[in-house]
Amino acid sequence: MVDLNPITAWRRLLALPNESRAKTLAMAFLVALVCTLMVTGATVILRPIQAANRAAEQAARLEALISGVPGMSDLLLQDGGALSTVVVDLNRGAAADVTPATLAAALEDPAHWTELSAAQDLAGLGRRPNYAQVYFLRDASGDLSLVLLPVSGAGYNAPINAIVALRADMNTIAGLAITGQSETPGLGGRIEEPAWLGQFPGKQVSDASGVVRFAVAKGSAGSAHEVDGITGATRTSNAITHIMRFWLGPDGYGRLIDAIQRGEF
Amino acid sequence: MSAPASLRSILFSPLLRQNPVTLQILGICSALAVTTSMETALTMSGALTVVLVMSAGLISVIRRHIPDSIRLIVQIVIVASLVIVIDQILQAYLFEISQRLSVFVSLITTNCLVLGRTESFSRHNPPLRSMVDALGNGLGYSLALTVIGSIRELFGAGSLLGWQVLPTVDQGGWFTPLNLMLLAPSAFFLLGGLVWAIRSVFPDQAEALEYLSPDDPEASQ
Chain P
1 MVDLNPITAW RRLLALPNES RAKTLAMAFL VALVCTLMVT GATVILRPIQ AANRAAEQAA
61 RLEALISGVP GMSDLLLQDG GALSTVVVDL NRGAAADVTP ATLAAALEDP AHWTELSAAQ
121 DLAGLGRRPN YAQVYFLRDA SGDLSLVLLP VSGAGYNAPI NAIVALRADM NTIAGLAITG
181 QSETPGLGGR IEEPAWLGQF PGKQVSDASG VVRFAVAKGS AGSAHEVDGI TGATRTSNAI
241 THIMRFWLGP DGYGRLIDAI QRGEF
Chain U
1 MSAPASLRSI LFSPLLRQNP VTLQILGICS ALAVTTSMET ALTMSGALTV VLVMSAGLIS
61 VIRRHIPDSI RLIVQIVIVA SLVIVIDQIL QAYLFEISQR LSVFVSLITT NCLVLGRTES
121 FSRHNPPLRS MVDALGNGLG YSLALTVIGS IRELFGAGSL LGWQVLPTVD QGGWFTPLNL
181 MLLAPSAFFL LGGLVWAIRS VFPDQAEALE YLSPDDPEAS Q
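Line by line, the protein sequences give chains P and U.
Counting from 1, position 243 in the first sequence corresponds to residue 243 in the numbering used here; the numbering is continuous, with no gaps.
Counting from 1, position 171 in the second sequence corresponds to residue 171 in the numbering used here; the numbering is continuous, with no gaps.
Bear in mind the hints are in silico, worked out from the structure with no lab data behind them.
These numbers come from a predicted model, not from an experiment.
Take every hint as true, because none was put in to throw you off.
Reference listing, derived: stretches of chain P covered by chain U, where coverage requires no fewer than 3 residues with Cβ under 8 Å from a Cβ of chain U:
hint, stretch
1, 10-19
2, 39-50
Anything over 12 Å on all C-beta distances counts as not near chain P; from chain U, calculated:
hint, residue
3, SER6
4, GLU119
5, ASN125
6, PRO127
7, LEU128
8, SER142
9, VAL201
10, LEU212
Heads up, the beta-carbon is just placed ideally off N, CA and C, and yes, glycines get one too.
Same shape as in the complex, but just chain U (with noise of 0.2 Å):
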């Protein structure tokens, strides 16, 4: 195995370079459903990072007496009570968002990406960098929700953050919302222009293609 890559690395390279959205298409499902606004993309942003961080560690905690058989098991179970915790908590304290969350909070069980880490990372990784790694990820699906949830409120409801910044026809103004951008499809496209784009800066993240074209006499060569 080569060197262990330092915590600075964990930390920033699920940013952009290994982004678990637009790399490993991970944590789609939400990604679609929440990015309607940037509010509630920010806040879902926000409760999976802490469910990831705090998954992370305690399962990295627990690493070594996991036993093999039941570990998926074990792993939802405790992902699955930080979720209701943090749902509680957003509930109590940041009411108004969690009503418009709805379910999505508690889906955070299923999502890929907080399985995927603790799966793939923190069971084999002590408890610090776990949890850097699950913090990185979670900028990296921030980051994703982000933009994909800003495109989404600017075009398709003319607003940022709730601030009006394009004034709508409905508001008096010239700006006539694009319905389609609240739609879940609007999502799908705004995803692969992001995984284009991405793949465009950092051609090494494209995938191989998995046939050859008979009429491209380049690739069958």
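Only chain P is shown next, with the shape it has when bound in the complex (with noise of 0.2 Å):
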């Protein structure tokens, strides 16, 4: 008679020789399921505790950003003075019928992404958002007074998401804020200090013409167009200028910026 009981057998189990190809097979498989439980237990328990973090995180580098802005912290605080979060169609340049809420679900449709060829690719990112979530700070009286465009794009070890500020002319750069990067520590990883992005307000994105000129320079700043490059981090000071360059320009947000001087918005 087959012994059914789950206590001999597992005893049976251990008495088994180590070289035995079933106690083989059952080590690696036991060890493998308490593994794999132990794995999705952590992920599935922490997973809201991270979500809020890179949420809390994004939120306080916006208001950081805000706030680095001179005049904007008290813009806020006036009445009327609000931060409203718009949904735009990057390919037309207007609000897009997407809201926030659903602007992820929409992005899980490959229809919504358009492929870059190699030469609109500055950024390197293979593929753009047709969709993408910016933010408007109005006056007192509803106009426009800061922009705040998400860009992001590769960096040196892995992409670099940040924020850039412009101001209402959509030409003035008021401020950039990284929200994300995994560049070198101590070179390519300084462009999250405050001396370096302290450089940005008061930049010209374009020059007369309208070709985005904006550069990290290699060495010191030359130009209204340019920030000084940080010494021994040549890739990363050419990604953030290649992503600036791409999302200001007329693959990014460059219809965006066309309608907001056209005062669409």
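Please assemble the complex out of the two chains, which come individually in their own frames, going by the hints.
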């Protein structure tokens, strides 16, 4: 008769010689099972806390960016000064019929992405979403005073995510906040330092003909379109140049910028 | 076999006399990568010590039942799972530091130190002794990382644990940070210096030359 008692079965398994095939398979399976449960459990239990952390960090950086721009925190405190979140259609340069809540779902559809050719793809993205969530800060009279544009692109080690703040003329940079980077600590990682980011306010994005001229200089900045490069981090500096040129150029937020300059927002 | 070492000596000998980093030169990949500041070095040390102790305990518990043919796979699977769990916990509760450690926590999996201890000690010793040994080695690793991390942060950024000790030129002080200290080569130099210092104090740690110099009359005798 087959013995179905699990305890004796377990004892028999443990008593098997270690080299037997049955015990090898059983041990491999059991170890894998225990480890799977451990990893899955940790991931599932901790995911809400991690998501909250990321959201809090994003909000803190947005807030730091706004408060770093002279006069902006006063504007927020004023009555009527409000930060609004808008999803824009980058191909049309207009507000999209997608809300921030449904944005993630819309971007799961590959039809809502635009493939970039090698010549267009300055920032090393491969493809670009058609919708982007941007932030408008209006003053008490309802006029735009600040536009916050999230940007991203390939860095030296991993993608760099940032938020560019533009003044209402859409040509003067009001600030830059890095929201995610894994550049080399102490070198490329210095793009997060306030001293470096502090150079951005006041820089001009485009020249008179509308071509994006912004660049991270090799060495010291030489014009109103440049900020100082970071010594020992040429690849990261170039990545920032490319990200800014792509996103503020015609394939990025170009149409939105034109629309805002025409006063459509 | 000689009488088994006492728990105390198992715990304390890896701190200096048997330090895994400076004597066995194990786990130096992460020692180079995360020692740009004290804070990351300490977090990494803590994470590695916890993984080391837990994996040593787990593997020691099942040591009599690990089939020899798959023992390395079993050990790596256990270590890797623990590392993922630790990484998730860091991301949940120490979010900022985990951002800075980025990929290096995951790389504890391939840290030779962890596999070295489970393979050479935990497989042959009961759980308590294994865990004490793992704790000792984790602390030894932490000690080496802390020393290198403090030197690199002090001279590379003029601060310790984020506190500005030497006022840098950028902030109007006199200290020009040594950028080299923040680059990987400086960790090699410092580690070499540390190994040299420890072997000068404990000459028995010095390895015999692998060759004899023909010009050295003393060596040729």
